[in-house]
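Asker: Start from chain A and add chain B with the ligands according to the hints.
Top to bottom, those sequences are chains A and B.
First residue of the first sequence? That's 1 in the working numbering, and the numbers climb one at a time after it.
First residue of the second sequence? That's 1001 in the working numbering, and the numbers climb one at a time after it.
Errors might be hidden in some of the hints.
Which stretches of chain B does chain A cover? Using the computed rule of at least three CB atoms under 8 Å from a CB of chain A, they are [claimed, not checked]: (1) 1009-1020; (2) 1141-1149; (3) 1172-1182; (4) 1209-1222; (5) 1245-1255.
I should point out that these hints are in silico values taken from the structure, not numbers from a laboratory.
Glycine included, C-beta positions come from ideal geometry on N, C-alpha and C.
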Amino acid sequence: MSLLVVCDHDRGHLAEASLEALAFGRPLAVAAGLELAAVVIGVGAEVASTDLAAHGADTVHLASHDLLTDFGPEAWGETVVQLVRATGAKAVLACGTDRGNEVLAQVAARLEVPFVANCRTVQPTDGDWSMTRIQWGGSLLEDATLSADVKLVSVAHHVVEAAPADSPAAGAVAPFRPNLDPSLSATVVVDRVVLRQGITLATSPVVVGGGRGVGSAEGFEPLEELASELGGVVGCSRAVTNNGWRPHSDQVGQTGTRISPEIYIASGISGAIQHWVGAMAAKNILAINIDPEANMVTRADHAVIADLHQVIPAITAEIRRRRG
Amino acid sequence: MRILVCVKRVPAPGARINVTADGQDVDSAHLGFTTSPHEECAVEEAVRLTEVHGGEVTVLTLGPVEAEEQLRYAASVGAHHLVLVPITEVDWDPQRTAAALAGAVADVEAVGGPFDLILFGNESADAGGFQVGVRVAHALGRPMVNGIKGIDVADGVASARREIDGGFEVYNVPLPAVLGVKEGINLPRYPTMKGRLASKKAEVVMDERSAGAGGQERVRLHRPVETVSETAILGTGPEAAPAIVDLLEELGVLS
Ligand SMILES: Cc1cc2nc3c(=O)[nH]c(=O)nc-3n(C[C@H](O)[C@H](O)[C@H](O)COP(=O)(O)OP(=O)(O)OC[C@H]3O[C@@H](n4cnc5c(N)ncnc54)[C@H](O)[C@@H]3O)c2cc1C
Ligand SMILES: Nc1ncnc2c1ncn2[C@@H]1O[C@H](COP(=O)(O)O)[C@@H](O)[C@H]1O
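Isolated chain A, as found in the complex:
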């Protein structure tokens, strides 16, 4: 009997988070007395599955069907359901990405069992399992119990690092052909639109953030200048996007982007918890705020208690002066 890990991939390119799920699943499978299996679905599955044995998968199921041309939450969910029924898997694990959570929700709906999303720890016992999961995008934790014949759990992002197993597993390849109703093609990806390439808010080493304190859309020009001087990008708070000063793609936080730069310069941002969860992975935080009591200031590594409209241009000027 197995613990089945659903591996996400994009047309053959395995998602890093799938390896995190395998790393999380290895000790869990041992503790639960289950074999570790993986499933990769659709076109590109074989290419995507090359490293799975090294990461601990005893069995690698490769699911294929004419309908599985690309990602499709319902077709993937139904495939996993049929594999669970065929193999008698006792638990299914996925990464806590949008795709991983969505596929497991589909599996849960179809099997009519619970699904516990975004777990940080899982203790399997003979009967119910207990776990700690994240709420509020990570601002709060919930201890919960899970009672079900088939246990469905996703692993919160970045809880464990993707790393190969101490010794590789067998990785026996097992092709699987699900029986899929044509109606499931309604939710398969039909096209892609490429927008931008290069550094993004999520990956930039420097983020210059602005909040309500910036005051206007034009007020962001000095922040843009500083960001470009540092080879970084501009981020913002929800107060800013709500005012229409910046596009939502610049928003940092629970319902925006999680950033992890070397330094986050947060100016005119109070540091509400929903903003903070998106910013806290920054290695250094410099807060610029007129209020010394602002949450962003008290949680930052460094702070300047002053008007951002004076401080930001002064930083840019000082950098240019030193560069000559």
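Answerer: For chain B with the ligands alone, coordinates are given in the frame of chain A:
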């Protein structure tokens, strides 16, 4: 078009989220309440779609009777019909919530006719179970895609865009369909004075429902352990610039 949107009332915490002594709920004694940003955008999207294609928007919530506040807010920005499934417990687990919502949708459809589109948030702001919309869609036998940041409707098909690294995936989902949307799909409008006044008079239909508990049970809520760092104050004005640039140099971001 007939569109239904499911929204959830959640507290609006500030600098940190506190938990009640019994660990069962967020301590909201001094907090206001709001609708999750994803769902606020779902309401806006529904209103915009009916502005273009004609039709009506119904907003449905399962929560305490006070959730009437969030329904009336939706009415103030353009929703036409409001339905509340009242509960007295803190929060229902995802299976139980979905079963009750699916039942409530069936009730509303029995009277007013089927919905072309049902919108959810990508995930609820508080519980974040990532599943209620998927479960309701499955119960109703309709196709569902989550994580949507763009919707165009034409010829009975919803063309839906989902953000991926550096672009979008496109899904063409035949109606009737269910979509989960994310903040950023639009910029929600603010209520007008007229909208606010009208929303005060809007009727809230109460739909009492029961549903059995699912298999996920809350033991307790708690705050994650925080590493508190000392904040070094680098200055109180633009004269802090050299110290800041020293810091940037030290961190190696000034290449
Ligand atoms: C479910 C939910 C999800 C949310 N998700 C997000 C999210 O993803 N991201 C997000 O950002 N928010 C999010 N929010 C909103 C969040 O709660 C706050 O409302 C928001 O972050 C506040 O933005 P702000 O700090 O810019 O504004 P404010 O809180 O108004 O703070 C402005 C700050 O600017 C300072 N200031 C003013 N003038 C100056 C000046 N001249 N120089 C320097 N400082 C100045 C003030 O002292 C103050 O600290 C969410 C809320 C909810 C309920
Ligand atoms: N109590 C509720 N009332 C109405 N809609 C809800 C409720 N709980 C969840 N939803 C909807 O389901 C979506 C997903 O919720 P969740 O599965 O909790 O992440 C939310 O964004 C809402 O649109």
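Asker: Does each hint hold? Answer for all of them.
Answerer: Evaluation of the provided hints:
1. 1009-1020: holds (count 6)
2. 1141-1149: It holds: at least three residues are needed, and the segment 1141-1149 of chain B offers 5 whose Cβ sits within less than 8 Å of chain A.
3. 1172-1182: holds (count 5)
4. 1209-1222: Coverage by chain A holds for the segment 1209-1222 of chain B (9 residues, Cβ < 8 Å).
5. 1245-1255: n = 8 at 8 Å, threshold three: holds.
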